[in-house]
Amino acid sequence: MFEDILITIATAATPLLIAAVGEVVVERSGVLNLGVEGMMVMGAVTGFGVALTTGSPWLGVLAAIIVGALFSLLFGFLTLTLVTNQVATGLALTLLGLGLSGMLGESFVGLPGIKMDYIHIPFLSELPFVGKLLFGQDPLFYVSLLLTAGVAYFLFRTRAGLTLRSIGDNHTSAHALGIKVIAIRYLAVMFGGACAGLAGAYLSLVYTPQWIENMTAGRGWIALALVVFASWRPWRILAGAYLFGAVSIGQLHAQALGIGVPSQLLSSLPYLATVVVLVLISRNRRLTMVNTPASLGRPFVPDR
Amino acid sequence: MDTTPLANGRNLLEVRGLTKIFGTLKACDQIDLTIAKGEIHALLGENGAGKSTLVKMLFGSLEPNAGQIHWNGQLARITSPGVAKKLGIGMVFQHFSLFEALTAAENIALSLADDTPIGTIAAKARALSYSYGLPLDPDSLVGDLSVGERQRIEIIRCLLQTPDLIILDEPTSVLTPQEADRLFETLERLRSEGKSILYISHRLDEVRRLCDSATIMRHGKVVGHCNPRLETPSSLARMMVGTEVKNAERTTASVRGEELLSICGMSRKPAGPFSTPLKNIWLSVAGGEVIGIAGVAGNGQGELFEAVSGEALQESADAIRIRGKSAGRMGISARRLLGAAFVPEERLGHGAAPRMRLSDNLLLSRHATDGKAFVAGLGLIKSGAIQKAAQRIIDVMDVRKSAPDPEAAALSGGNLQKFIIGRELDRNPAVMVVNQPTWGVDAGAAARIRQALIELARNGSAVLVISQDLDELFEISDSIAVMHNGELSKPIPIADATLERIGLLMGGAEPGHLDHAKEVA
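These protein sequences, in sequence, are chains A and B.
Taking my numbering as reference, the numbering of the first sequence is continuous, increasing by one, and the terminal residue is 304.
Taking my numbering as reference, the numbering of the second sequence is continuous, increasing by one, and the terminal residue is 521.
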């Protein structure tokens, strides 16, 4: 029973983790893409559709990653090349994604989907208590952990990561040093889009293998909140994703047990937690300053 | 003009006919410049003469519209800072290109193309910095460092790339005189190692002391070459400005009037992670006198101005008294109503709303104090009265503009500053507090502004001027106090103030800051 709860928490946390780890790279480069929800839902409908027509969930995942990246490329072109307002463009991307996915997925509604196989390692997966949790989950669960470790290593241990963070801190200085600000931001934005697409595919191929309109149900927003909650640090995103995952699962169990807490209150908990954490971390302003990308959301136009 | 053949092996850099056009403005017009190997070459000119545009083209941050650059006798196209670095051109920026949230070593690593581990870079930077007498801790966070220390990072970063030509853009504007001396020693040592230096400045004494030759620019054109050691400061100034430059005339303070502004034991906690706390500040400014506050940027001058102007309130109402009234808990408008006037450092965005007209900007700052004159019943604006007042200020301060009532951002820095100062003088304030009155202002406008401040004081007002320009403070002040690390020294009467004494205080070397404590006790 307890192990089952832990596994459902992991399943709820994984899409949040993947999308947020992608967005942290985007925001560390100084770009605020509020379109995570839209890119995620596009990934969900693409993943479902491609898996259904080809019969392969892996092709579905691949297609979702590509569509997520392409969708974010639209955002990149608008905000980086045409220098539109990042907040407005991100919101538009979400609205567009929700509408477009609803239209594309109309014929998928009600169809049984394809579920990705869970990993099964003989003996290990049968270990009591931790066997299924550690060795018997879906493949994307392991991908999400590797992704977190990879992004943490990239951002804080490699020169390329340092360059990316420098752009997020001060794009004018970076430009003066000859760093290609716009090109690197494009790459970061597309990485974020690819991750959001992958997170969407997780929803429609693992979490609930079917297509429902608006099936992301605000998870893109939670992912955005997570990035701030984690003060732009990948390992803290992991902790936050599992905390938020636990809250959402706890909400279901609380309802099942008939505990008289309004469900709306429980579903607002992640956002409340973000507010509380923001208040707490802002008490140490120096740390906030060091972690917050100072150029976040500011447009950059090089003088020529 | 200069007809040296391009193949001359002694010349490191030769620039011919370099031109940069922004819209209709020729920022650089047919610039010729020759820098020999192993010389320190000065590039002189006023703000807006085109010096920064020229060096940005040399460093590849801007693309020229016409002209050629020859490097070691070869035609070179410098299309990006990366190309410039590869050729062997290094740059120390005027407005630092550093990242506050990163460490010194990380900042240095970012400008090196190869993948040397940060640890190695930190060790190299430390060794190099000590060998040049510019000690630096590579692990410190840039946001925590003083401006002088930040400049060291820039210089070390530049030296680590072993450039043949080092461009320094106004390097001493942020240093104490002693720090500047140390910089000069470093530059002389680099010259003796055969490196060339392009030294951009408008400080004539430095140029005469340090540089082997000079190119002078005015309005985007080269107007002369000379050997600065053979010139006098006034002959150099004449070449830079085009006309004689008048110093402000100062009659000695007649009588010290009654105390109009006093700061009594004011302290302030740091407002942000990278701002300076104010520590137990005492100061009294009487009618009829100009008190100058010197100090290296970032030692609490901005915080002091905010506290005096009322942008930041004090805990105790008695910490600041304006004309005898306790004003520490009063907002800006209330302090203005007591007869005080304030001019902040930043013209655009702080002193004036950039996209609003001059008349609107006038109303914005004076609606509280001159409400009756400018605003009618129901809150309607009296346009006629405001236009008339704006015109009066424009006439008095000789503000030059292109349209009858232009947007603030359309004025040049000097003309906007004249308007902003004039806007406050027009009220005939009893107390005037100005932060950096002539920062980035051309010599003519600066002289006009300084004269106006002196006249205001002689007519009985108390004037407090915060400035990083020591020449300016010596020109207009009756006494000079120095800010260092959030503490303010006792004011030194101008007769006793020497450059050396002020410089020591700016560096925090003299324990003169402790005198107040004894007085209080």
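Please note: incorrect hints may appear among the correct ones.
Listed below are several chain B residues computed to face chain A (Cβ distance under 8 Å; list not exhaustive) [stated by the list, open to error]:
1. 80
2. 93
3. 97
4. 143
FRET-style restraints, in silico, Cβ to Cβ [as the list claims (entries may be wrong)]:
5. B:364 x A:82: 47 to 57 Å
6. B:379 x A:157: 39 to 49 Å
7. B:65 x A:106: 53 to 63 Å
8. A:283 x B:485: 40 to 50 Å
No farther apart than 25 Å at their CA atoms in a straight line, the calculated lysine to any residue pairs in the SDA-like style are these [what the hints assert, rightly or not]:
9. A:180 x B:401
10. A:180 x B:86
11. B:269 x A:282
12. B:124 x A:157
13. B:279 x B:259
14. A:180 x B:82
15. B:269 x A:280
16. B:401 x B:29
17. B:124 x A:183
18. A:180 x B:77
19. B:86 x A:284
20. B:86 x A:278
21. B:86 x A:162
22. A:180 x B:118
23. B:124 x A:142
24. B:26 x A:175
25. A:180 x B:264
26. A:180 x B:114
27. B:124 x A:282
28. B:86 x A:280
29. B:26 x A:284
30. B:269 x A:157
31. B:279 x A:131
32. B:86 x A:142
33. A:132 x A:142
34. B:86 x A:183
35. B:221 x B:193
36. A:180 x B:317
37. B:269 x A:292
38. A:180 x B:117
39. A:180 x B:116
40. B:269 x A:278
These are calculated hints, taken from the structure and not from any lab test.
By construction, the Cβ of each residue, glycine as well, lies at the ideal position given by its N, Cα and C atoms.
So, going through the hints one by one against the coordinates:
Taking 8 Å as the C-beta cut-off, the interface hint given for residue 80 (chain B) holds, the closest approach to chain A being about 5 Å. A hinted interface residue such as residue 93 (chain B) counts as satisfied when its beta carbon comes closer than 8 Å to some beta carbon of chain A; here the least separation is about 6 Å, so the hint holds. For the restraint placing residue 97 (chain B) at the interface with chain A, the shortest Cβ-Cβ distance is roughly 4 Å, inside the 8 Å limit, so the hint holds. Hint status for residue 143 (chain B): holds, given a least beta-carbon distance of 7 Å to chain A, under 8 Å.
The beta-carbon spacing between residue 364 (chain B) and residue 82 (chain A), approximately 33 Å, falls outside the hinted interval of 47 to 57 Å. Our hint of 39 to 49 Å for residue 379 (chain B) and residue 157 (chain A) is violated, since their Cβ atoms are close to 60 Å apart. A hinted range of 53 to 63 Å holds for the C-beta pair residue 65 (chain B) and residue 106 (chain A), which are about 55 Å apart. Our hint of 40 to 50 Å for residue 283 (chain A) and residue 485 (chain B) is violated, since their Cβ atoms are close to 25 Å apart.
As the CA atoms of residue 180 (chain A) and residue 401 (chain B) are separated by approximately 38 Å, the hinted pair breaks the 25 Å bound. The hinted pair formed by residue 180 (chain A) and residue 86 (chain B) meets the criterion: a straight-line CA distance of about 16 Å does not exceed 25 Å. Note on residue 269 (chain B) and residue 282 (chain A): the hinted pairing holds, with a Cα-Cα distance of about 16 Å set against a maximum of 25 Å. With a CA separation close to 19 Å, the supplied pair residue 124 (chain B) and residue 157 (chain A) stays within the 25 Å bound.
The straight-line distance between the Cα atoms of residue 279 (chain B) and residue 259 (chain B) is roughly 22 Å, inside the 25 Å bound, and the hint therefore holds. Under the criterion of a C-alpha separation no larger than 25 Å, the hint pairing residue 180 (chain A) with residue 82 (chain B) is consistent with the structure, at around 10 Å. For the suggested pair residue 269 (chain B) and residue 280 (chain A), the alpha carbons sit about 20 Å apart, so the restraint of at most 25 Å is met. Proximity of residue 401 (chain B) to residue 29 (chain B) is assessed by CA-CA distance (about 23 Å); at most 25 Å being required, the pair is judged to hold.
Restraint check: the Cα-Cα separation between residue 124 (chain B) and residue 183 (chain A) comes to about 31 Å, which exceeds 25 Å; the hinted pair is violated. As the CA atoms of residue 180 (chain A) and residue 77 (chain B) are separated by approximately 19 Å, the hinted pair is consistent with the 25 Å bound. This hinted pair does not check out: residue 86 (chain B) and residue 284 (chain A) have alpha carbons roughly 42 Å apart, beyond 25 Å. Using a Cα cut-off of 25 Å, the hinted pair residue 86 (chain B) and residue 278 (chain A) is violated, with the two alpha carbons roughly 45 Å apart.
A distance of roughly 21 Å separates the Cα atoms of residue 86 (chain B) and residue 162 (chain A); the hinted pair therefore holds under the 25 Å criterion. Our distance criterion of 25 Å between C-alpha atoms is met by residue 180 (chain A) and residue 118 (chain B), whose separation comes to about 21 Å. The suggested pairing of residue 124 (chain B) with residue 142 (chain A) is violated, with an alpha-carbon distance near 41 Å, which exceeds 25 Å. A threshold of 25 Å between alpha carbons decides the hint, and for residue 26 (chain B) with residue 175 (chain A) the separation of about 24 Å falls inside it, so the pair holds.
Taken as a hint, the residue 180 (chain A) and residue 264 (chain B) pair is broken in the structure, with Cα atoms around 51 Å apart against an allowance of 25 Å. The straight-line distance between the Cα atoms of residue 180 (chain A) and residue 114 (chain B) is roughly 16 Å, inside the 25 Å bound, and the hint therefore holds. Our distance criterion of 25 Å between C-alpha atoms is broken by residue 124 (chain B) and residue 282 (chain A), whose separation comes to about 36 Å. Proposed proximity of residue 86 (chain B) and residue 280 (chain A) is contradicted: the alpha carbons are some 47 Å apart, above 25 Å.
Between the alpha carbons of residue 26 (chain B) and residue 284 (chain A) the distance comes to roughly 48 Å, so the proposed pair goes past 25 Å and is violated. A C-alpha spacing of about 35 Å is found between residue 269 (chain B) and residue 157 (chain A), which places the hinted pair above 25 Å, so the restraint is violated. With a C-alpha separation of about 62 Å, the suggested pair residue 279 (chain B) and residue 131 (chain A) falls outside the 25 Å cut-off, and the hint is violated. At most 25 Å may separate the alpha-carbon atoms for a hinted pair to count; residue 86 (chain B) and residue 142 (chain A) exceed this at roughly 44 Å.
Restraint check for residue 132 (chain A) and residue 142 (chain A): satisfied, since their Cα atoms lie roughly 13 Å apart, inside the 25 Å limit. Taking the CA atoms of residue 86 (chain B) and residue 183 (chain A), the gap is near 21 Å; set against the 25 Å cutoff, the hint holds. A distance of roughly 32 Å separates the Cα atoms of residue 221 (chain B) and residue 193 (chain B); the hinted pair therefore is violated under the 25 Å criterion. A hinted pair counts as satisfied when its Cα atoms are at most 25 Å apart, and residue 180 (chain A) with residue 317 (chain B) does not qualify at roughly 52 Å.
A hinted pair counts as satisfied when its Cα atoms are at most 25 Å apart, and residue 269 (chain B) with residue 292 (chain A) qualifies at roughly 22 Å. Among the hinted pairs, residue 180 (chain A) with residue 117 (chain B) is consistent with the structure: their alpha-carbon atoms are about 21 Å apart, no more than 25 Å. The hinted pair formed by residue 180 (chain A) and residue 116 (chain B) meets the criterion: a straight-line CA distance of about 20 Å does not exceed 25 Å. Taken as a hint, the residue 269 (chain B) and residue 278 (chain A) pair is honoured in the structure, with Cα atoms around 22 Å apart against an allowance of 25 Å.
Checked against the numbered hints given earlier, this structure breaks hints 5, 6, 8, 9, 17, 19, 20, 23, 25, 27, 28, 29, 30, 31, 32, 35 and 36; the rest are met.
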